[in-house]
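Letter by letter, the chains look like this.
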Amino acid sequence: MDLSIIVPLYNEEESVDTLYEEVRAAADGLGREWELLLVDDGSSDATPAKLRQLCARDRRVTAVRFRRNYGQTAALQAGFDHARGRVVVTLDGDLQNDPRDFGLLLAALDEGEGYDVVCGWRRDRKDRMLSRKVPSWAANWLIGTLTGTSIHDNGCTLKAYRAEVVKRARLYAEMHRFLAPMMSLSGCRWKEVVVNHRARRFGRSKYGISRIWKVFLDLLTVKMLLGFTTRPAKWFAVLGVPFLAGTLLALAASAWVHLKGWPGSRYPLVFPAITILCALAWVHLTLVGLFSELVVKVGDFKAAEALLASPVSGGGHESPAAARPA
Amino acid sequence: MRAPRLRDQPEVSVVVPVVERHGDLKQLYAEFAAELARLGRRAEFIFVVDEHLKSALPVLRELQQRAEQEVVIVLLGGPFGESAALTVGLDRARGTRLVTLASYFQVEPLGLGPALAALDAGADLVAGRRYPRTDSPFNRLQSRLFHSLVRRVTGTGFHDLSCGFKVMTPQVADELNLYGSMHRFIPLLAHTQGFAVREIEVPQRREDRGTRYHGAGAYLGRLLDVLTVFFLTRFTRRPLRFFGLLGTGMLALGFLLALMVAAEKILFATSLSDRALLLLAVLLMVLGVQTLSLGLVGEILIFTHARNVREYHVAEVIRSPMELAANVADTDALRAS
Chain A
300 MDLSIIVPLY NEEESVDTLY EEVRAAADGL GREWELLLVD DGSSDATPAK LRQLCARDRR
360 VTAVRFRRNY GQTAALQAGF DHARGRVVVT LDGDLQNDPR DFGLLLAALD EGEGYDVVCG
420 WRRDRKDRML SRKVPSWAAN WLIGTLTGTS IHDNGCTLKA YRAEVVKRAR LYAEMHRFLA
480 PMMSLSGCRW KEVVVNHRAR RFGRSKYGIS RIWKVFLDLL TVKMLLGFTT RPAKWFAVLG
540 VPFLAGTLLA LAASAWVHLK GWPGSRYPLV FPAITILCAL AWVHLTLVGL FSELVVKVGD
600 FKAAEALLAS PVSGGGHESP AAARPA
Chain B
937 MRAPRLRDQP EVSVVVPVVE RHGDLKQLYA EFAAELARLG RRAEFIFVVD EHLKSALPVL
997 RELQQRAEQE VVIVLLGGPF GESAALTVGL DRARGTRLVT LASYFQVEPL GLGPALAALD
1057 AGADLVAGRR YPRTDSPFNR LQSRLFHSLV RRVTGTGFHD LSCGFKVMTP QVADELNLYG
1117 SMHRFIPLLA HTQGFAVREI EVPQRREDRG TRYHGAGAYL GRLLDVLTVF FLTRFTRRPL
1177 RFFGLLGTGM LALGFLLALM VAAEKILFAT SLSDRALLLL AVLLMVLGVQ TLSLGLVGEI
1237 LIFTHARNVR EYHVAEVIRS PMELAANVAD TDALRAS
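These protein sequences, in sequence, are chains A and B. Note that our numbering gives residue 621 to position 322 of the first sequence, counting from 1, and the numbers run on in steps of one. Note that our numbering gives residue 1173 to position 237 of the second sequence, counting from 1, and the numbers run on in steps of one.
Calculated directly from the structure, the hints in this document are not laboratory data. The model shown is predicted, which means the values in this text are computed figures rather than measured ones. Hints may contain errors.
Said to hold, decoys possible - Chain A is nowhere near these chain B residues, computed Cβ spacing over 12 Å in every case:
1. Ala970
2. Phe1041
3. Leu1077
4. Phe1094
To be verified - Label pairs and their calculated CB-CB ranges:
5. Val537/A to Leu1163/B: 46 to 52 Å
6. Met428/A to Gly1049/B: 56 to 62 Å
7. Ala1053/B to Arg383/A: 38 to 44 Å
8. Arg1076/B to Glu320/A: 56 to 62 Å
9. Glu1111/B to Trp436/A: 41 to 47 Å
10. Val582/A to His1241/B: 24 to 30 Å
11. Lys962/B to Asp357/A: 58 to 64 Å
Just so it is clear, CB atoms sit at the ideal spot from N, CA and C, and this is done for glycine as well.
Use the sequences and the hints to build the structure in full.
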């Protein structure tokens, strides 16, 4: 199969039928064998019933239903897990993305030496300024700074991936937001394509401003994991440096007090006590570092080596400016 | 591994772990078997006996010979406790409706009907809640305190976790991973796995009335259990969110205290050597970093050992009937070739 189209859905009963029609029209026009994977993220409305009807109508449609709501990251991961196509395209369930952009994405994927991921860029975004666009800019800036890969629009679900690359990815927490930058960190080639964006027709948005904090935390975790898993003992040693310094300083202070004598009647115990505490922390961190080496050594280290996936193509990327279509 | 299903398999499997005190097992069997017969459900009874309660065996053997319903006796090789007994019993069960039951008189058998009906109506697990209660005010008070703590900590709404009466589907039983004292939290664990869990009220038996006093150790153990469940239900996949919050909190507090002490030293020339607060500040920072480092080890552990554990649970995969037919045709073709 050539193409798997993955759509996460959460309470989208009004959009599902239109979505299917639009996807079918667009995908049939590509002249490739395709499947549509609808992932129902624990909807409480009529979405499951609609999905059943669709699956009965068209054999190219498959629905994966979650037991409860697990979030968009899990829904996308389930989509990747069940996808059978050589290329995977992800799409939002709220009709804001335009399936007619499929051709653009697929063409970009095969351009030149080929890319591993092509990201949609909603340059002309039809959303509220304060609640949607501003947080999105902040998140994109944060992701760009921390990963060193500045993609304009990480939040755009419309993306195309090579299946062999993305199937090796393990998403958790809110990781789908910076999947592309992470892939780029592990050497994948990426490209941006300006896509169409439409105003929301049904329902309401399910994401708010709180996501920035989560993105930040998850990004930090992933960043640390990238460093930690290769040489944990070294990282813990770095973490222990302040405590080693504290130990030495407090030790010096104690020695000074001891040698010079103390003017007051009571001998101050605070410096020896600080010496002991800092020494404890330093020893603890060093030991934890060694312990983590053990954990990593007996673990699935091959999988850990490449956090997400290794590239299929040569590596590097097309600059976003050059990637704009004429 | 689940036991293979035979053609004459029972519909309902009743699992009774006999691990602590136990009541008249014959009487227990008789009452519940009668109720199941009245409901028209074919049943089997599985008694899992802990080694130190071997004394119950003769009674059970006798029951096995005379009983109308099938009775299976499993003797554990050691004092393994209730979680192990339940796991063994549920693994042996062949029914499509699995009932667990305390080995003493806890609830009236008439709770079976509504519980099985709730399961038929789509619930994956039905947990009994002894209500109205007939036991002593002291029992009720300690149960209330415990459950309000659990509800607050886990954000769920269960009222009687220690009731042994539960009805579940085999799928739930397969995915419960019981160990230690986790049998006390079965409804919570099932809820976390994404199963539909319902609580129904079952009248309490008069025999369940005796006041139970526990030693201080038991209460401490319960508290630890709550902490474990809190951690397991919320942070299994991301330990750093838990340890990180705790660690950065302590670190920040220690840092603030240290700043305060430093400011006093500079502004009022208070001697550092007289400040016990400085010691506290350093202690907090040390603890904070240690907690944080444990969180990091946790992340590494999850990352390197549980990468294939999925965050989601799939209820079903819906494919078109035509697609299924095509797949069957494919396998048929394979078999023919």
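Has the hinted range 56 to 62 Å been met by the Cβ atoms of Arg1076/B and Glu320/A? holds (59 Å)
Distal placement of Phe1094/B relative to chain A, Cβ over 12 Å: At roughly 17 Å from the nearest Cβ of chain A, Phe1094/B sits farther out than 12 Å, so the non-interface label holds.
Determine whether the Cβ-Cβ distance between Val582/A and His1241/B falls within the hinted range of 24 to 30 Å. holds (26 Å)
If we take the beta carbon of Ala970/B, is the closest beta carbon in chain A still more than 12 Å away? holds (36 Å)
With 56 to 62 Å as the target window, see if Met428/A and Gly1049/B comply at their CB atoms. At roughly 58 Å between Cβ atoms, Gly1049/B and Met428/A fall inside 56 to 62 Å, so the hint holds.
Non-interface claim for Phe1041/B versus chain A (Cβ beyond 12 Å): holds (35 Å)
46 to 52 Å as the expected CB spacing between Leu1163/B and Val537/A, which holds or is violated: violated (31 Å)
Take a quick look at Leu1077/B and tell me if its Cβ sits farther than 12 Å from every Cβ on chain A, holds or violated. Leu1077/B is indeed farther than 12 Å from all Cβ atoms of chain A, at 34 Å.
Cβ-Cβ distance between Glu1111/B and Trp436/A: within 41 to 47 Å? Taking Cβ atoms as reference, Glu1111/B and Trp436/A lie about 42 Å apart, which means the hint holds.
Distance restraint evaluation - Lys962/B, Asp357/A, Cβ atoms, bounds 58 to 64 Å: Given range 58 to 64 Å: holds, Cβ gap about 59 Å.
Taking the Cβ atom of Ala1053/B and the Cβ atom of Arg383/A, is their distance within the range 38 to 44 Å? holds (40 Å)
Hint check: a violation occurs at hint 5 only; the rest are consistent with the structure.
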